[in-house]
Amino acid sequence: MRIGIDVGGTNTDAVLLDEARVLAAVKVNTTEDVTSGIVSAIDGLQRQHAFDPAGVQAVMIGTTHFINALVEARRLAPTAAVRLSLPAGRSLPPMVSWPERLVDAVAGRSYLCHGGHEFDGRHISDLDEDELRKAADDMGRAGTRSVAITSVFSPVNHEFEQRAAELIAAELPDVAISLSHEIGRIGLLERENATIINAALRELAAGIVDGLAQSVTGAGITAPLYLSQNDGTLMDVDFARRYPVATFASGPTNSMRGAAVLSGLDTCAVVDVGGTTSDVGVLNQGFPREATTAVSVAGIRTNFRMPDVLSIGIGGGSLVQGEPAEVAVGPESVGYQLTSRALVFGGDTLTATDIAVAAGRAEIGDADRVRHLAPALVRAAMERIAADATDAVERMRTSAEPLPVVAVGGGSMLLPDEMFEPGDVRRPEHYAVANAIGAAIAQIGGEVDRVYAIEPGQRDSVVDEAKQEALDRAVAAGASPSTVEIVDFDEVPIPYLPGNATRIRAKAVGDLQLGR
Amino acid sequence: MREITPDVLGDIALGAAILGTGGGGDPHIGRLLAEESLREYGPVRLTPLDELPPDAAVLPVALMGAPTVMVEKLPSIEEIGLAARTLADYLGRELTHIACAEAGGVNSLIPVAAAAQLGLPLVDADGMGRAFPEIQMTLPTLYDVRATPMAIADEKGNRAVLDTVDNRWAERLARSATVDMGCSASISSYAMTGQQAREALVPGTLSLCAELGRLVRDARAEHTDPVDAVVSRLTGRRLFTGKVVDVSRRTVTGFARGDARLAGTDAHSGTELLLRFQNEHLVAERDGTVLVSVPDLICVLENDSGEAVTTESLRYGQRVAVIAAPADPRWHSPAGLEVAGPRYFGYDIDPVRATQ
Chain B
64 MRIGIDVGGT NTDAVLLDEA RVLAAVKVNT TEDVTSGIVS AIDGLQRQHA FDPAGVQAVM
124 IGTTHFINAL VEARRLAPTA AVRLSLPAGR SLPPMVSWPE RLVDAVAGRS YLCHGGHEFD
184 GRHISDLDED ELRKAADDMG RAGTRSVAIT SVFSPVNHEF EQRAAELIAA ELPDVAISLS
244 HEIGRIGLLE RENATIINAA LRELAAGIVD GLAQSVTGAG ITAPLYLSQN DGTLMDVDFA
304 RRYPVATFAS GPTNSMRGAA VLSGLDTCAV VDVGGTTSDV GVLNQGFPRE ATTAVSVAGI
364 RTNFRMPDVL SIGIGGGSLV QGEPAEVAVG PESVGYQLTS RALVFGGDTL TATDIAVAAG
424 RAEIGDADRV RHLAPALVRA AMERIAADAT DAVERMRTSA EPLPVVAVGG GSMLLPDEMF
484 EPGDVRRPEH YAVANAIGAA IAQIGGEVDR VYAIEPGQRD SVVDEAKQEA LDRAVAAGAS
544 PSTVEIVDFD EVPIPYLPGN ATRIRAKAVG DLQLGR
Chain R
1429 MREITPDVLG DIALGAAILG TGGGGDPHIG RLLAEESLRE YGPVRLTPLD ELPPDAAVLP
1489 VALMGAPTVM VEKLPSIEEI GLAARTLADY LGRELTHIAC AEAGGVNSLI PVAAAAQLGL
1549 PLVDADGMGR AFPEIQMTLP TLYDVRATPM AIADEKGNRA VLDTVDNRWA ERLARSATVD
1609 MGCSASISSY AMTGQQAREA LVPGTLSLCA ELGRLVRDAR AEHTDPVDAV VSRLTGRRLF
1669 TGKVVDVSRR TVTGFARGDA RLAGTDAHSG TELLLRFQNE HLVAERDGTV LVSVPDLICV
1729 LENDSGEAVT TESLRYGQRV AVIAAPADPR WHSPAGLEVA GPRYFGYDID PVRATQ
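If you're matching them up, the sequences are chains B and R in order.
Quick note on the numbering used here: the first sequence kicks off at 64 and runs consecutively.
Quick note on the numbering used here: the second sequence kicks off at 1429 and runs consecutively.
These aren't lab readings, by the way, just hints derived from the structure by calculation.
Just so you know, even glycine gets a beta-carbon here, dropped at the ideal spot from N, CA and C.
Treat the hints loosely; a few may be bogus.
[To be verified] Pairwise CB distance ranges (calculated):
no., chain 1, residue 1, chain 2, residue 2, range
1, R, Ile1777, B, Gln348, 49 to 57 Å
2, B, Ala430, R, Gly1438, 43 to 51 Å
3, B, Glu395, R, Arg1743, 29 to 37 Å
4, R, Glu1522, B, Gly203, 24 to 32 Å
5, B, Asp115, R, Arg1743, 30 to 38 Å
Build out the structure end to end from the sequences listed, making use of the hints.
Dropping the structure here:
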């Protein structure tokens, strides 16, 4: 048995699974402290299907907590960015294109220092240890509590990042240190941004992860706890403490992966309808298609792996306004106040949920309160929603081939039964808790992204070496060796370089080895 | 456009990526550098080519090297200005204007940073009207303007001035120096008088970049087709609509060569397009027939957003539109084709024009 939990901004969903069979599924309100919501979700599972806590083999949690903390700029630690690049990179210092609000929120300080590597491993300049000690001293006086260190070409050679971390840790033993080569790929500004965000979230992560662990052990569960990552794989709690940024896009990933399991389709479009927005993504062989361009998070450009998701402003709480001829649905929403402001709940605001109830597609609240709505308005609003959702799926499709659509999420009754052909929209059982199921079935991954100098005739052995390292990393992280395989491989020669420099990315994924 | 201010840089970057025809590097870094320069030194005046005084001293500037290195070892504004200053010193002349060597990709914005730092106006023109991979592939080469003396500078302050027997040698030696400088360096080359620049450069290309960017942005806002807007402005045609199904790449003599196969969708359903590239897209073929080749422009745009897709970021599953547009007509002269026709790139075919 395993338990999957998804802590969203509004709801906390939980499922109890035996292999792929859903034994129990509950939805409770997310609480301010996160943990009490999880406790009541686990209680709910226990009430629905009594289980022995000692029989639970693993608990997987997906949370939007860290990304929300960044977007809302709250509880971010005073952070310093150290870049090892001088004399290069002076013109575009750390946080150069950040929204000012976020620079202020992380009390962002930056230090440009000597170091960094050339593409071929030469030093741009040697590390200046005194310069770093001075920077550490300045950070100490400024009250910095977390440090992000980025060195030029560190994905190729991370010696300077590690040495700088040792020096700073010696001066400031209590600060958390994040190293860019562990977080992002080639592309200095984007990798540095992701590292600074990670650093700013470290304190919050420690608190949240402790709270999650306590709420699970409090329920008598002794099984290991995992958090799900952007790419649909898992990390253990120690990793989560160090790399909160890796949880950022786990919400949409979990709902897509859950939709795949529930529908039995591993190649499909998924529409996840929430309270405020709907997320549309595409699954290919069971994994979400990744965004190929830099992804902005809260106005900051980053380059870590994120699913390619299109969000539209339609959800259960969307405001419905205007006459039937030009009815508007969303993007404004009553959000988490749905249960007090929607008509069916005795409120005074016409929402998409009210329309769904009036159209007979949902049984929520008091249907008598929406009987007065004009049928023409109800029909027009449903058509508006159907047209917008269909357009979003169409934009995400990569071919004219029919792509089945799987509807999940609490608000999926808003979607039509067909988009491109009769009956192509599927609403699998347990659709409302798809993301908790996605968390529960997440796998373990390992990744390599590096520039290799390939000697003539050595290509195959270099490729094998890179793939093996990705496989080894997945197994080291807890994947079962018999299930681990390469799921993504990308090889891009770097132009103008001698020695056939080639950037190779390999990603391996396997099932979590239970009961280790 | 008479002045470059920070608010127009986004449009220039968007348009320059399109004229980059798949190469030229991601303009994002160029945009950030230009933004920082304008913030520090104020707006840059733009001089239309036909208003350039005949006795002006014009210096094109550019970044040379691998785009992948540029996004990691970030160039600095000082480094860009240093190459121009070094060449002016060597020539013993007072500079009056900065110009763009190429209008595609990152190098459309690098000269903005240089002009701001040096306090000089920028000529609204460039040496190619698009992006090409090698230094001698410029229209000034056709007018016997020499690529050397040429200055090359890196972020450490290393400088070199090359004086070579011809423009091909300039390319070769500058390339070696660039690799030693860490595969990213700034160069200043093709010093010209105003008279020569008026003859040899392609007029209005920075304004064209900004206009293309604005057209794409407006089309998106108005939910009309951004690809159509680009096609119509470039008086080109839409070659193909489809999805990337295969990309193979290899490095040949320092350049990333490769092929991309696209499967047709919509009106092109059931057909396939083959793109051959060396940094830039060089040849588009359907069922063995060449539809368009260099020197004309072959641009791959994201079907929905109209955003240019570089050859480095081509990936399986992307939905794209491939468009063709005429290059500056001088590229089709015998001398032009010798420098940048399909045979120069190793394809034994006669050029096929975008409007054919």
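Structure-based check of each hint:
1. For the pair Ile1777/R and Gln348/B, the beta carbons lie near 39 Å from each other, so the given range of 49 to 57 Å is not met.
2. At roughly 50 Å, the beta-carbon separation of Ala430/B and Gly1438/R lies within the given 43 to 51 Å, and the hint holds.
3. Take Glu395/B and Arg1743/R: their Cβ atoms lie about 36 Å apart, and the range 29 to 37 Å holds.
4. Separated by about 50 Å at the C-beta atoms, Glu1522/R and Gly203/B break the suggested range of 24 to 32 Å.
5. Between Asp115/B and Arg1743/R the C-beta distance comes to about 47 Å, which lies outside the given range of 30 to 38 Å.
The structure fails hints 1, 4, 5 (numbered hints given earlier, in ascending order).
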